[in-house]
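K.L.:
Quick note, the sequences are listed as chains A and B, same order. Sequence positions in the first sequence follow our numbering and run 83 to 455. Sequence positions in the second sequence follow our numbering and run 83 to 455.
Treat the hints as calculated values from the structure; they're not laboratory data. Each hint should be verified, as a subset may be incorrect.
Since the list gives no way to pick out one identical chain from another, each pair is judged satisfied if it fits inside one copy or across any two copies.
EDC-like cross-link-like pairs, simulated, lysine to aspartate or glutamate; straight-line CA separation at most 20 Å [claimed, not checked]:
1. Lys-202 with Asp-91
2. Lys-202 with Glu-126
3. Lys-86 with Asp-196
4. Lys-202 with Glu-127
5. Lys-249 with Asp-193
6. Lys-217 with Asp-193
7. Lys-86 with Glu-306
8. Lys-202 with Glu-441
9. Lys-224 with Glu-126
10. Lys-86 with Asp-193
11. Lys-100 with Glu-168
Number of protein chains: 2
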Amino acid sequence: MAGKPTINDIARMAGVSKATVSRVLNHKPDVDPATRERVMRIVEEQSFVPSITATGLAGGQSRLIGALVPAFTWPFITDIMRGVAEAVSLTPYELILYSINDSRRSDDNIDILDHILATKLTSGLLAIMPGQPSKYVTRLHKYGLPSVIIDDQDKPGDIPWVGTDNKHGGYMATKHLIELGHRRIAHIHGLQRYLCSHERYQGYCQAMQEAGLPLDPQLVFEGEFIQPTGRAAGHYFFSMPPEQRPTAIFASADLMAYGVMAVAEEYGIQIPRDVALVGFDGLDSSAHVRPALTTVQQPFYEMGRRATELLLSMLDKPHFARKLPDSPAFQPTSLNGFGNNNYQEPIRIHIPSTLIVRESCGSPRHLSLSTPD
Amino acid sequence: MAGKPTINDIARMAGVSKATVSRVLNHKPDVDPATRERVMRIVEEQSFVPSITATGLAGGQSRLIGALVPAFTWPFITDIMRGVAEAVSLTPYELILYSINDSRRSDDNIDILDHILATKLTSGLLAIMPGQPSKYVTRLHKYGLPSVIIDDQDKPGDIPWVGTDNKHGGYMATKHLIELGHRRIAHIHGLQRYLCSHERYQGYCQAMQEAGLPLDPQLVFEGEFIQPTGRAAGHYFFSMPPEQRPTAIFASADLMAYGVMAVAEEYGIQIPRDVALVGFDGLDSSAHVRPALTTVQQPFYEMGRRATELLLSMLDKPHFARKLPDSPAFQPTSLNGFGNNNYQEPIRIHIPSTLIVRESCGSPRHLSLSTPD
DNA sequence: CTGTTAGCGCATTCAA
DNA sequence: TTGAATGCGCTAACAG
Numbered sequence: 083m084a085g086k087p088t089i090n091d092i093a094r095m096a097g098v099s100k101a102t103v104s105r106v107l108n109h110k111p112d113v114d115p116a117t118r119e120r121v122m123r124i125v126e127e128q129s130f131v132p133s134i135t136a137t138g139l140a141g142g143q144s145r146l147i148g149a150l151v152p153a154f155t156w157p158f159i160t161d162i163m164r165g166v167a168e169a170v171s172l173t174p175y176e177l178i179l180y181s182i183n184d185s186r187r188s189d190d191n192i193d194i195l196d197h198i199l200a201t202k203l204t205s206g207l208l209a210i211m212p213g214q215p216s217k218y219v220t221r222l223h224k225y226g227l228p229s230v231i232i233d234d235q236d237k238p239g240d241i242p243w244v245g246t247d248n249k250h251g252g253y254m255a256t257k258h259l260i261e262l263g264h265r266r267i268a269h270i271h272g273l274q275r276y277l278c279s280h281e282r283y284q285g286y287c288q289a290m291q292e293a294g295l296p297l298d299p300q301l302v303f304e305g306e307f308i309q310p311t312g313r314a315a316g317h318y319f320f321s322m323p324p325e326q327r328p329t330a331i332f333a334s335a336d337l338m339a340y341g342v343m344a345v346a347e348e349y350g351i352q353i354p355r356d357v358a359l360v361g362f363d364g365l366d367s368s369a370h371v372r373p374a375l376t377t378v379q380q381p382f383y384e385m386g387r388r389a390t391e392l393l394l395s396m397l398d399k400p401h402f403a404r405k406l407p408d409s410p411a412f413q414p415t416s417l418n419g420f421g422n423n424n425y426q427e428p429i430r431i432h433i434p435s436t437l438i439v440r441e442s443c444g445s446p447r448h449l450s451l452s453t454p455d
Numbered sequence: 083m084a085g086k087p088t089i090n091d092i093a094r095m096a097g098v099s100k101a102t103v104s105r106v107l108n109h110k111p112d113v114d115p116a117t118r119e120r121v122m123r124i125v126e127e128q129s130f131v132p133s134i135t136a137t138g139l140a141g142g143q144s145r146l147i148g149a150l151v152p153a154f155t156w157p158f159i160t161d162i163m164r165g166v167a168e169a170v171s172l173t174p175y176e177l178i179l180y181s182i183n184d185s186r187r188s189d190d191n192i193d194i195l196d197h198i199l200a201t202k203l204t205s206g207l208l209a210i211m212p213g214q215p216s217k218y219v220t221r222l223h224k225y226g227l228p229s230v231i232i233d234d235q236d237k238p239g240d241i242p243w244v245g246t247d248n249k250h251g252g253y254m255a256t257k258h259l260i261e262l263g264h265r266r267i268a269h270i271h272g273l274q275r276y277l278c279s280h281e282r283y284q285g286y287c288q289a290m291q292e293a294g295l296p297l298d299p300q301l302v303f304e305g306e307f308i309q310p311t312g313r314a315a316g317h318y319f320f321s322m323p324p325e326q327r328p329t330a331i332f333a334s335a336d337l338m339a340y341g342v343m344a345v346a347e348e349y350g351i352q353i354p355r356d357v358a359l360v361g362f363d364g365l366d367s368s369a370h371v372r373p374a375l376t377t378v379q380q381p382f383y384e385m386g387r388r389a390t391e392l393l394l395s396m397l398d399k400p401h402f403a404r405k406l407p408d409s410p411a412f413q414p415t416s417l418n419g420f421g422n423n424n425y426q427e428p429i430r431i432h433i434p435s436t437l438i439v440r441e442s443c444g445s446p447r448h449l450s451l452s453t454p455d
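Please put together the full structure from these sequences, using the hints given.
P.N.:
The structure is reproduced here in structure tokens:
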């Protein structure tokens, strides 16, 4: 409710110069403890918050970080953003949203990146699944705008990166199916141009090979991470002669799995009785579909949070007034050298996914002896 | 790629003073056309973008608008934000994200609002479904921070508001059921403290009464807009003796409908054969569930877009460089008087919802003669 | 119509 | 250890 105290007001009230107020605000060492104490008291009392605008102008540091968000088309963006917002809220930074319209040509997206650079508003950038523009983000990063990429769909470049272990996720999903007694396990592959498509497939392959199961190219269907692809895959698999037909399907996206479910119904095929199904992503709605979908839960919230922490640490300022809650896998040591921009190896943080077992795989079949450990 | 031209550079290159550059940049009338032309050329060439930070400091106007977002827990936030981002991207404004953690006490949310006020960063505020804090937002608005509320869950205060016509939505849903031949139609009511719960219920009542159908309090179940409430409602309705049991259910949220579906299965009740079901919201996943859910589609994207346009128009500056695409119901005339903060009647924009008919209601029953018009 | 002069609120020199 | 002076990039008041 207070009008809007400026640093001048605080200085006057504390009986010091604004320079001193600025000093204590920025945790400069050379300040008399008593003075610091007094200034802090006034600051608290007046709940004084320095103007980000002015601070940015004067200091060249904007205390603003940008989040490049793909047009909110993917359902899990929200979870990532929750993590981002949470991390940011624990610091004096603010979050600026830059939305990419993936419906338009990629030129426009580069326009946005140019805009980000041009306005010079943010001092760091969080690129969420940038896809094609990721090369450009990489350039921005090298150019001097600290950036981190979250779960890029593209080949990772030389830029800090946070994501999940897609390969291990694919491995878990497939292994689960194998342990349930399945041998003919199909896979619905994502688009070739996404790195994660390959990684998930690699996990699938590894699990199959470890179990001594053959990799049948006939059992791999490829498409986008959307429902229609799942439908197409369903038609493809379910129209196979029974002895060739897979008894289980590992879809590399929950949306794909939804498509399979819809088509299965049309074929009179019951899930999980006739065919087991595992998805990938862990969308909320996967708990609602019938049967509830067993899936690989990606740690979206954590990804957002960790990526933000990483970016903030790169900005390398003593901002962390309130301590962040523990994040077990966070290794601040690996961050040393940042801020001076002279690190060598690109940072990559892989946060593990977890397999959520629900109904879509049923119980062990064929008298399989394997028990879940 | 250019270094970072300042207004001084532009001024020098154009052979004018920076004041003049500033003038053309801000579309001031008193500038020689030739000069304006020349300056613009340089600006284009250098792709000069004035520093938002400096502009804000000097002008007192920050060209930044804040979006108060409820912790991304609701699935449709993404759609709203898509609309917001789209509208903002057509202007020189940037969007700052303030995330409310509804998991915490509401005190914290007020803290955020205080923070918004304190940092004085944004020149306008978009409050998305603020719920409890809406009174505080209203105060901020009166206090001088232009704000608009999107789809508030609370009683609307004296503040610009954009939302959908919940009552009409409830009316459409119920009428659809009635036209299908249903007479015992149940309703799952949202929490009392949300205005939209009442509105949707009112629509339900109106449709029932118009059709001369009795309002049976037994057929109304109340709870949150979440799946468990739907499950509870399902148990409640399905354990009724068959002659009392409703033949149709209008759930005031899609998530509730999902719960009903899950429980129906447990009771061996088939949807739509045994009971018809309509939801409310139009979540994407409602097209994926089995059977696909008939629902009232809220115009989330439009709500975000229109609310942003409204807020921007209140900020009352000649920013609209690129024209916004047509939005039919947008009446600029109703906005006159804004910006001087001396308007009388609070603006309310209701964007119509639409009924999406899918599978969960089946076809007309009881040889009903009614045909959809 | 246009250039000059002051600041916006703060950080960062310089002296003291 | 602290205060005074200078300037960040831009807008706004004032002259001319």
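K.L.:
Hints the structure violates: just list their numbers, smallest first.
P.N.:
5, 7, 8, 9, 11
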